[in-house]
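Okay, here's what each chain looks like letter by letter:
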Amino acid sequence: MMSTATTTTMEKTASTNGASSHGFTLQGKKATRFGFGEGLVTLGEKYDNVVVLGGDITTSVMTSYFKDKFPERFFSMGIMEATSTLVAAGLALSGKIPFFASYGAFAACRNTDMLRISVCYNDANVKIGGGHAGISVGPDGATHQILEEIAITRVLPNMTLVVPCDFTEAKKATVAIGEHVGPCYIRFGRTDTPMFTTEDTPFVLGKAQVFRKGNDVAICACGPMVWEALVAAEELAKDGIDARVINVSTIKPLDNATILAAAKECGAIVTAEEHQITAGLGGAIAEYLVKEEPVPMEFVGVNDSFGGSGDPDELMALFGLTSKEIIAAAKKVIARKK
Amino acid sequence: MMSTATTTTMEKTASTNGASSHGFTLQGKKATRFGFGEGLVTLGEKYDNVVVLGGDITTSVMTSYFKDKFPERFFSMGIMEATSTLVAAGLALSGKIPFFASYGAFAACRNTDMLRISVCYNDANVKIGGGHAGISVGPDGATHQILEEIAITRVLPNMTLVVPCDFTEAKKATVAIGEHVGPCYIRFGRTDTPMFTTEDTPFVLGKAQVFRKGNDVAICACGPMVWEALVAAEELAKDGIDARVINVSTIKPLDNATILAAAKECGAIVTAEEHQITAGLGGAIAEYLVKEEPVPMEFVGVNDSFGGSGDPDELMALFGLTSKEIIAAAKKVIARKK
Amino acid sequence: MASLDFHIYPLETGFHGSSRPVAKPELVKDYGYETFVPFTNSSNNSDEQVAAIAKEIRRDIVRALVEAKSGHSGGPLGSADIFATLYFGGVMNHDPKDPWNKNRDRFILSAGHMCPVLYSTLANAGYFAKQELLTLRKLNSRLQGHPGRDMGLPGIESSTGSLGQGLGIAVGMALSDKLVSKNSSRVYSLTGDGELQEGEIWESAMCASHWKLDNLTVIVDRNHCQIDGRTDEVMEVDPVSDKWKAFGFHTIEVNGHDINALRQAFAEAKATKGKPTCIIAETYMGHPVSFMNDDYRWHGKPPNKEQAEIALNELV
Amino acid sequence: MASLDFHIYPLETGFHGSSRPVAKPELVKDYGYETFVPFTNSSNNSDEQVAAIAKEIRRDIVRALVEAKSGHSGGPLGSADIFATLYFGGVMNHDPKDPWNKNRDRFILSAGHMCPVLYSTLANAGYFAKQELLTLRKLNSRLQGHPGRDMGLPGIESSTGSLGQGLGIAVGMALSDKLVSKNSSRVYSLTGDGELQEGEIWESAMCASHWKLDNLTVIVDRNHCQIDGRTDEVMEVDPVSDKWKAFGFHTIEVNGHDINALRQAFAEAKATKGKPTCIIAETYMGHPVSFMNDDYRWHGKPPNKEQAEIALNELV
Ligand SMILES: Cc1ncc(C[n+]2csc(CCOP(=O)(O)OP(=O)(O)O)c2C)c(N)n1
Ligand SMILES: Cc1ncc(C[n+]2csc(CCOP(=O)(O)OP(=O)(O)O)c2C)c(N)n1
Ligand SMILES: [Mg+2]
Ligand SMILES: [Mg+2]
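Residue numbers (my numbering), protein chains in the order written: chain A, 8 to 345; chain B, 8 to 345; chain C, 526 to 841; chain D, 526 to 841.
Simulated from the structure, these hints should not be mistaken for lab results.
This one's a predicted model, so the numbers in the text were calculated from it and none came from an experiment.
With a straight-line cut-off of 30 angstroms between C-alpha atoms, the simulated BS3-like cross-links for lysine-lysine are: (1) B:76 x D:737; (2) C:826 x B:74; (3) D:627 x D:798.
Chain C stretches covered by chain B per the calculated footprint, using a threshold of three residues with CB under 8 angstroms from any CB of chain B: (4) 682-696; (5) 712-726.
C-beta: ideal position from N, C-alpha, C; glycine also.
This is chain A alone, in the form it adopts within the complex (with noise of 0.2 angstroms):
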């Protein structure tokens, strides 16, 4: 699954070089709603007031995990994401941290209206998970991926979402929205992709972490296509460019300070997101640096289409979300600086 060519390439120059210019080591793959369900066993083990809905997909969102471990905390809903959302905004008025989880498709989509006047206005402690994002869920196609939901959280007021770039960050990530007060939401995927954080590696929610220092071009990637960066950034190093690539798992709020000294510093940027190119992270940074300070940029996304069923690694070759993708775009932006 996702072996994509350019990931055996990063292998390859792993195994060749025995160490890359950012310092992350491939660990193999792990989706990372496996971390979404660890970290829902982790918060459950220190706080008694965390409690899960499910929403008839368990075993596809991990929250099954949860389940199995705190069976008395756990209440299945069915199929009714919209009342679950409801659902999980009065537990959370009664003093409780309810996660609920679905696929992004129907936890972001069917439950908009709830989301914004249950969840927002009332600023309800809730947590939302949203799993199978992007295209790589695969064979399922197109109702099933979802590359619309960064939009349609960020633009909802009080609204915290994090997108973590690999199963560890993802446990870390649920970790750090069960703490948070707000309503939060978190976006996972299916598929197994690359783990390369350690417990180490730094995560503070509403930060960006520089994850390889570099003054040509910031990559500002979040979820699976930070490893795509970086794997782009060590190719683009072949061609003497030296590429700054910024994981922005927190999208909203952003890391304004982070994002201004990437363009300062770097004076071009390239966004990439397993997400439609309108409205997503790279949105949200074009939004915020044409304020500040206006540099071209480059997105890597889905351009304005639907998905559709193939195995993961083939679309996301179709579909331009790739490494690949990532080095033309920071060519193209770099020849673009003034």
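Take the given structure of chain A and dock chains B, C and D with the ligands to it, following the hints.
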């Protein structure tokens, strides 16, 4: 209603000078929803397969005009925005041209999943009217105001999104989306707002119109903020600033050529919308320009907060949605030009 | 194991993310509000006393609406007897002096547009000064056009206004009480009958009965009216009682203007174990104001000054 | 007055907004697909003949799934008798040679994940070559993991896959036929029983009965299973029949594996005037494959090669 201080100034200016530099004359006030209602009747008269679905607020969103004229092609759906959207999709897939209208809060958020899958992924010829948009709804407060749906609808592939600037354009836009094949969303308001375009003012779906020439800064606005932009331009002219005013009534697809020319020729952009700054019209323009011509931008809109009760004009002033903020933004962005 | 504490009760902080002030009641009318002594909640209050409070609630609704110049008359007036029974007939366990008491029963107004009756009820119970009713729908008022929790008005448990959502929140609260905290609080939620057209109502109903939430009581304000007309013409919701039964509820049909019948219904709901209860309260929209009674055109408009005067005269 | 015409029937254009090609069936297996002669739809087909076709549909489902290496076995296998009856028992008016004929009856698969049974049914009727079944879920296939109208597969009336949506689309089509075009076409839609938890099902039901859409027949695949377990444990949907009745439907409960009973039910639905009909078809998930039968764990996984062989042997 909405007789803001700036508008009053404008009225004075017009009567004093006899003419304005943009060539538009204030013809009184009328809410854009009435244009929607009249447009539906025009469509009904022209085409026998135009049908309208009522959402228990027919006299608010003016589908009542169509209901009165063509009762046999009007179907009351009660209060079920999600299913009304699905029924519309079924009608479209049967060769009808269905319009469903409700408050934008419910016509874009209660049915987001339906818009995504059954309308847009189906490429069904469904037309959604989202009324009571912005905060100018007034006393009903935050739940009935909507400041997020430009983001929510423009991220959907296959969607066409129109935000007419006044009553007359709303009527034209309604007819235009009826004759356009594919999913469309039209946004309109409840409160009476300035009427200033005429039958002769050009309107083409997908085209932005330059409403005032100028090369110092371009103000890109939609909805009632277009009038505020014109008022602002008149004021700026007094300070020797020549502002271009662009009516971006079609937000998706964006008229890239007109936007690009504005960025190139003016070197600075202000956007103005009755919407969150996040991911709205300003976001759409920023996303495009950083790829082509990164110029300084400033955004006039609601800054990531919910609305509230009050008189429309009080709210517009409180949330910073008047010509005053546009003028300040224009001066600020001009100062930022390199 | 620790509970992760967070602030769940609203403060008087004004609008989100801003330092906007809360509107202070300025208007002082000749309503005797300054000297008003709140009514107490007691099962010892006679039906007549509760009915008298309902009348007072209605008067305050009219006064607030005429001042606001917009807002909903029909539903609030028609459901005042239900609110009076709940808050003053000894049905709900609530304390205006300690509004966020952990053991309180909670009320969620799913039909958010009907908030004038809730505001008026709360003011009559002493949650806040009656003068504040006259800020209804005004800029920075804690009495938003639809309930806004962000304004921190005591007694407002949740923002509502988008129909079909409040009931699900109430279900979450009932689930929290019964199955997580395991306390004996009860949760009440009122929905409109047009509101029953929203599918989330039936999701919430299914969920409540699946989890056997016998601490939940739903009241349907069955006034046969919604905005566009009579409910059976706009979108038929009958047979209402069969629907709730089929979704696992104990159902009680009752005259929603009969305090005694309402009290019995609430008692029956409390006594019903193993399933939630739905009380279908037959009411007249706008009742008992002569020119509003049973007329859907009064769903969403306020009386003007003359109409208000007539209404207030009828309500003495 | 003119009708504004637009292209409502899908073409084989591939994915939206792209020139992506449609996958061509490459796999040729020893299934005799090249020489296959489609079955015809006729009320003269005996129950046994229809049952035999159901078996063939099931075999093709297993073959497609094992090739796809992902996808749903349980629902599709369990509902094959319903599909065989609809498409080959003379119930639906449909023509594989003229798939978009204006007078056709339409079928909307609300439970989109069950598409393998629909694809297999359509192939057996001759809508497209059986070989194409072996492209299921592959890149650029017209047989998407959930039905995608953009792929232009003949017989696919709408994209579905997000549960609870297809029924509303079917209601719109029935409304269009009966009240706008005023033709006599019928619309059929199949939902899962877990799917009944989505509130839009009840909105759609209310709407269909409000508009008296007696040209609409809903079939509930009542297999008591969903992803996380038995339906009564995940979220109780019983009493299913009472719910549909309370929402204004004529209801028929039937053994969903009994062709004759199904035929009678569809006939009764056609004869029922003034209200839509809901046929609650009791089925077993995965039926009749021994190791799948009535086991919810087969909701969403394909058989591996060995399992497929066993299944195919059982299905001769
Ligand atoms: C989701 C949603 N859709 C539409 C509205 C607009 N709306 C407010 S009240 C109302 C009618 C409600 O009818 P009912 O529940 O019977 O209340 P009543 O008219 O009896 O007060 C409508 C459609 C809304 N508030 N929320
Ligand atoms: C809106 C939505 N939520 C969740 C899902 C994921 N999902 C697909 S099938 C399914 C279970 C459906 O149960 P049922 O309708 O009984 O079908 P069966 O398992 O019997 O095939 C779920 C939860 C979905 N497709 N759509
Ligand atoms: Mg009513
Ligand atoms: Mg099932």
